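> Here are the chains, one letter per residue:
Protein chains: 2
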Amino acid sequence: MVITAYLDQKREEVDRFLDSVVPDARTPPTTLHESIRYSLFAGGKRVRPILAIAAAEAVGTPTKAILPIASSLELIHTYSLIHDDLPAMDNDDYRRGKPTNHKVYGEAMAILAGDALLTLAFDLCSRRDLLDGLDPLRQVQIIHELAVGAGNLGMVGGQVLDIQSENKDIDLATLQNIHTHKTGMLIRAAVRMGAIAASATPAQLERLTSYAEDVGLAFQIADDVLNVTGTREQLGKNANTDAQRGKKTYPTFYGVEGARTLAEQCTNRAISRLETFDAKADPLRELAKYITARKN
Amino acid sequence: MVITAYLDQKREEVDRFLDSVVPDARTPPTTLHESIRYSLFAGGKRVRPILAIAAAEAVGTPTKAILPIASSLELIHTYSLIHDDLPAMDNDDYRRGKPTNHKVYGEAMAILAGDALLTLAFDLCSRRDLLDGLDPLRQVQIIHELAVGAGNLGMVGGQVLDIQSENKDIDLATLQNIHTHKTGMLIRAAVRMGAIAASATPAQLERLTSYAEDVGLAFQIADDVLNVTGTREQLGKNANTDAQRGKKTYPTFYGVEGARTLAEQCTNRAISRLETFDAKADPLRELAKYITARKN
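Which chain is which? The protein sequence lines are Z and Y, in order.
Heads up: the first sequence is residues 1181 to 1476, going by the working numbering.
Heads up: the second sequence is residues 1181 to 1476, going by the working numbering.
Just chain Z, same shape as in the assembly (with noise of 0.2 Å):
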């Protein structure tokens, strides 16, 4: 299979998918939406969702659900870049090549279009509307993996690591923790809610949670490793910033080239939590390999 012609079409089905459930910039209160949208469609790579897509895929029960399900992990992660980019927090004044929503809205409204889209993602979830083939008991699930992996315990708790780790000596083991909670914990939800949604088994549902949690861990390291490596242009956004924000990274511990082999073992290994999954899982395999490979 071609992964990059399978991230485009999904990529367009989220995108479209998103159109049409977000008010549009006419819907009062209308700066609300105006900077809600500026965000949501900045051109992010939709990697969350298509994760979710692919993880349901993989179990093999194709569902009209899925596609909700999917996208209220864009809002989520969408509410958690215009946060992160505040001045009281990384204080960045560029993403994905545009102007930090912070910028262009100011402060407040960059606040209350994160709380909006974070709320958003739950109203969406909780639709039964557009989700009425699920079972409303998986729906419950699927609802408080989303809770679990975006909150306290999962990605706002990495986020609270992350900046109280700013110019500290941290270690090894606390890079790893801020990582795993701050990125991995949603990729994680991601993978179980579209399992959950096509009707996983206990067995293929841990199975695709070990997938995850590997494929989080590569999604940080090349990261970093990007970071490093990548420019403004291909980033969208200033690169080399965690050195001169005195960040400890993969590259810090391992060097380049060392994180670069990390990301790649964790792929592989990856890719081996899948061997009981038949063709179908493709596409988790090939997602774990462009996110070690990409470049931005």
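Hints were generated in silico from the structure; no laboratory data involved.
Note that the coordinates shown come from a computational prediction; the quantities given were computed from them, not determined experimentally.
All C-beta atoms in this analysis are idealised placements derived from N, C-alpha and C, irrespective of residue type, glycine included.
Hints are supplied without guarantee of correctness; some may be wrong.
[Said to hold, decoys possible] Think about it this way: if two alpha-carbon atoms lie no more than 20 Å apart in a straight line, the pair counts; the simulated EDC-like pairs of lysine to aspartate or glutamate are:
{"id": "1", "chain 1": "Y", "residue 1": "Lys1427", "chain 2": "Y", "residue 2": "Asp1315"}
{"id": "2", "chain 1": "Z", "residue 1": "Lys1283", "chain 2": "Y", "residue 2": "Glu1287"}
{"id": "3", "chain 1": "Y", "residue 1": "Lys1348", "chain 2": "Y", "residue 2": "Asp1422"}
{"id": "4", "chain 1": "Y", "residue 1": "Lys1283", "chain 2": "Z", "residue 2": "Glu1287"}
{"id": "5", "chain 1": "Z", "residue 1": "Lys1427", "chain 2": "Z", "residue 2": "Asp1351"}
{"id": "6", "chain 1": "Y", "residue 1": "Lys1427", "chain 2": "Y", "residue 2": "Asp1403"}
[Claimed, not checked] Each pair of labels, with its calculated beta carbon distance range:
{"id": "7", "chain 1": "Y", "residue 1": "Ser1200", "chain 2": "Z", "residue 2": "Thr1210", "range": "17 to 27 Å"}
{"id": "8", "chain 1": "Y", "residue 1": "Asp1349", "chain 2": "Z", "residue 2": "Gln1424", "range": "43 to 53 Å"}
{"id": "9", "chain 1": "Z", "residue 1": "Glu1413", "chain 2": "Y", "residue 2": "Asp1349", "range": "45 to 55 Å"}
{"id": "10", "chain 1": "Y", "residue 1": "Glu1346", "chain 2": "Z", "residue 2": "Asp1204", "range": "41 to 51 Å"}
[As the list claims (entries may be wrong)] To give an idea of the chain Z side of the interface with chain Y (calculated C-beta under 10 Å), a few residues:
{"id": "11", "residue": "Phe1221"}
{"id": "12", "residue": "Ser1260"}
{"id": "13", "residue": "Ala1288"}
{"id": "14", "residue": "Ala1290"}
{"id": "15", "residue": "Leu1292"}
{"id": "16", "residue": "Ala1293"}
{"id": "17", "residue": "Ala1296"}
{"id": "18", "residue": "Ala1301"}
{"id": "19", "residue": "Met1335"}
{"id": "20", "residue": "Gly1338"}
{"id": "21", "residue": "Gln1339"}
{"id": "22", "residue": "Glu1444"}
With chain Z's structure known, arrange chain Y on it following the hints.
Here is chain Y on its own, set in the frame of chain Z:
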């Protein structure tokens, strides 16, 4: 019935429950959980959870599920206060007689504590271990009520309108629009969530929704009046801040006495919505009166 005894008892139940489900300050990330607890246990009146509990009682089907459902509303309410108090928003230094969250923990942690509380509300509502007696379809509906009430077309939308209206010469319709969303929609969600948890009939739900809309308006008018007439000691925050900020409120349009009369009319209308309910709706009736007569 004696409403103060009822309020005390329910508030203690909600507090005890929240204390049991929110991680303690020794759970990593410790500062996040300390910051969450600082604002969550600052002496809130728990009006929204108690409205949910009283609505369930009015329907007459007691359910163990009501406490988690009701308490989730306080997680949303607390997050909204933390974010509203931020320097980029209302820039308030005091809340419930204590320094605001960002004054103690810094802006970054206050933003993240709010994000975590918002997410935790949906975590709580989507738990099956605590809510195994609840029909999953009703659980999904309850989660959806919470998301709609708190989100872009609910509470967050109202907060956007509110910050956009500061120092502007808004008319009465705009003021009502702000309040319907900022305060009204979450109070409406509270009553509806309680009613749905207690398996309300469509007719019961409709009447309780009208009750909630009237109570929500009474609540906000009473809040506006208190901002003018209350002291810093009574309110636990600075008094008369609306006038200082050039904010138009119900007393601006109706005068203090006129606004008081309007709040009482809303209260009476709310109570009249309950005429088909028996004595089990007395807590709702007394709550409507309390909300207008309260001194903080």
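> Each hint needs a verdict: does it hold in this structure or not?
These are the hints, each one checked on the structure:
| no. | hint | verdict |
| --- | --- | --- |
| 1 | Y:Lys1427 / Y:Asp1315 | violated (45 Å) |
| 2 | Z:Lys1283 / Y:Glu1287 | holds (18 Å) |
| 3 | Y:Lys1348 / Y:Asp1422 | holds (12 Å) |
| 4 | Y:Lys1283 / Z:Glu1287 | holds (18 Å) |
| 5 | Z:Lys1427 / Z:Asp1351 | holds (11 Å) |
| 6 | Y:Lys1427 / Y:Asp1403 | holds (13 Å) |
| 7 | Y:Ser1200 / Z:Thr1210: 17 to 27 Å | violated (42 Å) |
| 8 | Y:Asp1349 / Z:Gln1424: 43 to 53 Å | holds (46 Å) |
| 9 | Z:Glu1413 / Y:Asp1349: 45 to 55 Å | holds (47 Å) |
| 10 | Y:Glu1346 / Z:Asp1204: 41 to 51 Å | violated (26 Å) |
| 11 | Phe1221 | violated (16 Å) |
| 12 | Ser1260 | holds (8 Å) |
| 13 | Ala1288 | holds (5 Å) |
| 14 | Ala1290 | holds (8 Å) |
| 15 | Leu1292 | holds (5 Å) |
| 16 | Ala1293 | holds (9 Å) |
| 17 | Ala1296 | holds (4 Å) |
| 18 | Ala1301 | holds (8 Å) |
| 19 | Met1335 | holds (8 Å) |
| 20 | Gly1338 | holds (9 Å) |
| 21 | Gln1339 | holds (6 Å) |
| 22 | Glu1444 | violated (31 Å) |
Consistency with the previously given hints fails for numbers 1, 7, 10, 11 and 22, ordered from lowest to highest.
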